[in-house]
Amino acid sequence: MTILRVHNLGKAYKQYFSHWARLAEWCLPSSRPRYHIHWALQNVNFEIDPGQAMGIVGMNGAGKSTLLKIIAGTTQPTTGSIEMKGRVAALLELGMGFHPDFTGRQNVTMAAQLFGFSVHEIQDLLPEIEAFAEIGDYIDQPVRTYSSGMQMRLAFSVATAKRPDLLIVDEALAVGDSYFQQKSFSRIRKFREEGTTLLLVSHDVGAILSICDRVALLHAGTMVKEGDPEEAIDFYRALLAEQDIGLIRQERQAHGKVQTISGRGEMIVSDIRLLDSNGLPIEAVEAGTRVTLEIRSRVNRPVPEVVAGFMIKDRLGQIMYGINSDRLRQPIEHLAAGDELVCRFQFAMNLGKGNYSVATALSRRDSHVTDNYEWRDGGFIFSVLNTKKPDFVGTVSLDAALEVQRISENQVNL
Amino acid sequence: MVNAQMKAIWSYRGFIWGSVQREFQSRYRNSLLGSVWAVLTPLATILIYTLIFSRLMQVRLPGMNDTLAYSIYLCAGILTWGLFAEIIGRCQTVFLENANMIKKLTFPRICLPVIVVLNASVNFLIIFGLFLCFLVLVGRFPGWVILALPPILIVQIALAIGLGIVLGIMNVFFRDVGQFVGIVLQFWFWFTPIVYPASVLPEYVQPWFRLNPMVSVVAAYQSILLYGQWPQWSTLIPALITAIVVCLLAVGLYRRRAGEMVDEI
Numbered sequence: 286m287t288i289l290r291v292h293n294l295g296k297a298y299k300q301y302f303s304h305w306a307r308l309a310e311w312c313l314p315s316s317r318p319r320y321h322i323h324w325a326l327q328n329v330n331f332e333i334d335p336g337q338a339m340g341i342v343g344m345n346g347a348g349k350s351t352l353l354k355i356i357a358g359t360t361q362p363t364t365g366s367i368e369m370k371g372r373v374a375a376l377l378e379l380g381m382g383f384h385p386d387f388t389g390r391q392n393v394t395m396a397a398q399l400f401g402f403s404v405h406e407i408q409d410l411l412p413e414i415e416a417f418a419e420i421g422d423y424i425d426q427p428v429r430t431y432s433s434g435m436q437m438r439l440a441f442s443v444a445t446a447k448r449p450d451l452l453i454v455d456e457a458l459a460v461g462d463s464y465f466q467q468k469s470f471s472r473i474r475k476f477r478e479e480g481t482t483l484l485l486v487s488h489d490v491g492a493i494l495s496i497c498d499r500v501a502l503l504h505a506g507t508m509v510k511e512g513d514p515e516e517a518i519d520f521y522r523a524l525l526a527e528q529d530i531g532l533i534r535q536e537r538q539a540h541g542k543v544q545t546i547s548g549r550g551e552m553i554v555s556d557i558r559l560l561d562s563n564g565l566p567i568e569a570v571e572a573g574t575r576v577t578l579e580i581r582s583r584v585n586r587p588v589p590e591v592v593a594g595f596m597i598k599d600r601l602g603q604i605m606y607g608i609n610s611d612r613l614r615q616p617i618e619h620l621a622a623g624d625e626l627v628c629r630f631q632f633a634m635n636l637g638k639g640n641y642s643v644a645t646a647l648s649r650r651d652s653h654v655t656d657n658y659e660w661r662d663g664g665f666i667f668s669v670l671n672t673k674k675p676d677f678v679g680t681v682s683l684d685a686a687l688e689v690q691r692i693s694e695n696q697v698n699l
Numbered sequence: 627m628v629n630a631q632m633k634a635i636w637s638y639r640g641f642i643w644g645s646v647q648r649e650f651q652s653r654y655r656n657s658l659l660g661s662v663w664a665v666l667t668p669l670a671t672i673l674i675y676t677l678i679f680s681r682l683m684q685v686r687l688p689g690m691n692d693t694l695a696y697s698i699y700l701c702a703g704i705l706t707w708g709l710f711a712e713i714i715g716r717c718q719t720v721f722l723e724n725a726n727m728i729k730k731l732t733f734p735r736i737c738l739p740v741i742v743v744l745n746a747s748v749n750f751l752i753i754f755g756l757f758l759c760f761l762v763l764v765g766r767f768p769g770w771v772i773l774a775l776p777p778i779l780i781v782q783i784a785l786a787i788g789l790g791i792v793l794g795i796m797n798v799f800f801r802d803v804g805q806f807v808g809i810v811l812q813f814w815f816w817f818t819p820i821v822y823p824a825s826v827l828p829e830y831v832q833p834w835f836r837l838n839p840m841v842s843v844v845a846a847y848q849s850i851l852l853y854g855q856w857p858q859w860s861t862l863i864p865a866l867i868t869a870i871v872v873c874l875l876a877v878g879l880y881r882r883r884a885g886e887m888v889d890e891i
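Chains as they are written, first to last, in my numbering: chain A, 286 to 699; chain B, 627 to 891.
Any given hint could turn out to be false.
Said to hold, decoys possible - A few chain B residues that don't get close to chain A, going by computed Cβ distances all over 10 Å:
| id | residue |
| --- | --- |
| 1 | ASN629 |
| 2 | LYS729 |
| 3 | ILE753 |
What the hints assert, rightly or not - Here are the simulated BS3-like pairs of lysine-lysine, each with C-alpha atoms no more than 27 Å apart in a straight line:
| id | chain 1 | residue 1 | chain 2 | residue 2 |
| --- | --- | --- | --- | --- |
| 4 | A | LYS370 | A | LYS299 |
| 5 | A | LYS468 | A | LYS542 |
| 6 | A | LYS447 | A | LYS475 |
| 7 | A | LYS673 | A | LYS638 |
| 8 | A | LYS370 | B | LYS729 |
| 9 | A | LYS370 | A | LYS475 |
| 10 | A | LYS447 | B | LYS633 |
| 11 | B | LYS729 | A | LYS299 |
| 12 | A | LYS638 | A | LYS674 |
| 13 | B | LYS633 | A | LYS370 |
| 14 | A | LYS447 | B | LYS729 |
| 15 | A | LYS468 | A | LYS447 |
What the hints assert, rightly or not - Quick list of the computed label-pair ranges, beta carbon to beta carbon:
| id | chain 1 | residue 1 | chain 2 | residue 2 | range |
| --- | --- | --- | --- | --- | --- |
| 16 | B | GLU886 | A | ASP624 | 57 to 63 Å |
| 17 | A | ARG649 | B | GLY885 | 31 to 37 Å |
| 18 | A | ASP386 | B | MET632 | 57 to 63 Å |
| 19 | A | LEU613 | B | GLY885 | 25 to 31 Å |
Calculated from the structure, these hints are not laboratory results.
Each residue gets a CB set at the ideal place from its N, CA and C atoms; glycine is no exception.
Pulled out of the complex, with its shape left as it was, chain A reads as follows (with noise of 0.2 Å):
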């Protein structure tokens, strides 16, 4: 059973030559186009099913918000169809067109009777709007006098003051506090154990990883990757990077995990290896041990200088941490092409338990934005085991020692 099917959707914005332009249209339709055809949204399909959630992630002018309006309902889509099923409240971007001269509390009811709550509702709800949006006495004040953290407060309060079949939200809730954002996402949750089906839109990375079990990425607007979290937002931060979506590619490895490799190819990694305190290549590490991350590269065209690093990140795509060359003020210049550079990072390797991904980065400078020869996400998975050290919880591993001392009343000073 799907809750939303989403057929062939596309989306055209006309732009017309001049003014004068759409009037011609208007009044003399059988003639010729007078307009260019803006295509912000085609061919996107997808189905989402009950409870699943869906993060939405691209640059800015992709098609993100364009496609959650189609949802909601506020804009028309120009081809293509969708299917749903339930009660959708839809938070896009800020405020949901509270009106600024009235109160809090009349923007609610207006709200609300838009969303087809009775009257009889709407009292039973309002209290419990209130309580959830913590505005205090600003609830009788005019909009128009509140914070846009407070109008998102009270806006999310009200669009989910009860549970819709599906939520969207739109990068609204990145305005709120860390307090806020931590309530919405709980509430968010649990709206999800219940069966909501969630669609976000977030420039909020490390969010869209910790909430969402798919991930859609749109460029230009088309749908380009859809499916595991891990595997589209490492594509995101490639095509971050990249901007030509040409040159980057995705493949799958021997482990079932993907890589994603993006960049010019001046320089390619031919091996990532992590080595113990022997020289050994290993896949698993004792936390606390001292390794070496050997990694090997290959010059294809000759290149003037190089910045090489690497990051780790663990099984959420979240940055453990990142290193490069530059940083570690070893500049690296002039390489010929046939080259071969081998870059041994030695570290302890203070983490958590748990798997981990190693992403690399040539490039020509400390920031992959501009000159990236070779960006390669998730070319090196290892474990990290815990059979030493006392079982500590977290990602970091900061060796507490612990020092008791009881004291008592009755405590004789020698």
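Model the placement of chain B on the given structure of chain A, informed by the hints.
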């Protein structure tokens, strides 16, 4: 289509009614005198016109000589024209003013002009009710003829709604419409015998009045309220036909362009 719109309006009646109440409350909320302003504004207009036209320029109505008669004549036209102009003026900007809501919430857009019409009607009922009280006080209440008012008002409101929606939709796509309508309404007001009697105009202008549907409508109000006579119903037929045509045009335009509107505001 019309049926579907009616259903949509009915199912959103809670929102419509709530909005009418809120708008009425908030219109005068930040002012000290509150709803007194709703009365003071037209009262000032009526005083000024009475002073200038009746006293300074000595305009006289045929068969009536007192200043009071002129004031009643003026009120009959100005108050009803006020309703007409308010509906058109507010409908024309209603989609742009509520851009924020249209962009972020899903609801039948047709609710917005409905709210405008209801609000304008409430304002009109208050001021017109006061005017009728005034007529009773000065002993010039027209009597049963007053029953002829509602049907004429309906024709006039229909004309205003149709025009308002057409202009409101056009204004989204061509912002010139807003400026243009302001000017046209002024000309229209002065080309309708509201502050002056039709008889003061030269003979050759009279046939042109037939092109203006509001002339017969306003004349009907004046005949009811000043002379206490039933209106000549046949003169209202052109206004009725115009109103129907304009409303059909509004429905057609709404159907074709309502979806596109959100992309332009």
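Here is how each hint holds up against the structure:
Listed as outside the interface, ASN629 of chain B is consistent with that label: its C-beta sits roughly 20 Å from the nearest C-beta of chain A, beyond the 10 Å cut-off. Distance check on LYS729 of chain B: its Cβ comes as close as 6 Å (rounded) to a Cβ of chain A, failing to clear the 10 Å threshold; non-interface status is violated. At roughly 23 Å from the closest C-beta of chain A, the C-beta of ILE753 of chain B stays outside 10 Å, upholding its exclusion from the interface. As the CA atoms of LYS370 of chain A and LYS299 of chain A are separated by approximately 31 Å, the hinted pair breaks the 27 Å bound.
For the suggested pair LYS468 of chain A and LYS542 of chain A, the alpha carbons sit about 33 Å apart, so the restraint of at most 27 Å is broken. Using a Cα cut-off of 27 Å, the hinted pair LYS447 of chain A and LYS475 of chain A holds, with the two alpha carbons roughly 12 Å apart. Taken as a hint, the LYS673 of chain A and LYS638 of chain A pair is honoured in the structure, with Cα atoms around 12 Å apart against an allowance of 27 Å. Between the alpha carbons of LYS370 of chain A and LYS729 of chain B the distance comes to roughly 22 Å, so the proposed pair stays at or under 27 Å and holds.
The straight-line distance between the Cα atoms of LYS370 of chain A and LYS475 of chain A is roughly 20 Å, inside the 27 Å bound, and the hint therefore holds. A distance of roughly 25 Å separates the Cα atoms of LYS447 of chain A and LYS633 of chain B; the hinted pair therefore holds under the 27 Å criterion. For the given pair, LYS729 of chain B sits about 18 Å from LYS299 of chain A by alpha-carbon distance, which is consistent with the 27 Å threshold. Restraint check for LYS638 of chain A and LYS674 of chain A: the C-alpha separation of about 11 Å stays at or below 27 Å, so the hint holds.
For the given pair, LYS633 of chain B sits about 21 Å from LYS370 of chain A by alpha-carbon distance, which is consistent with the 27 Å threshold. Between LYS447 of chain A and LYS729 of chain B the CA atoms are separated by roughly 22 Å; this keeps the pair inside 27 Å, and the hint holds. For the suggested pair LYS468 of chain A and LYS447 of chain A, the alpha carbons sit about 16 Å apart, so the restraint of at most 27 Å is met. Restraint check, GLU886 of chain B to ASP624 of chain A: a C-beta distance of roughly 60 Å satisfies the suggested window 57 to 63 Å.
In this structure, ARG649 of chain A and GLY885 of chain B break the distance hint of 31 to 37 Å, their C-beta atoms being roughly 49 Å apart. Under the hint 57 to 63 Å, the C-beta atoms of ASP386 of chain A and MET632 of chain B, about 30 Å apart, miss the expected range. Separated by about 58 Å at the C-beta atoms, LEU613 of chain A and GLY885 of chain B break the suggested range of 25 to 31 Å.
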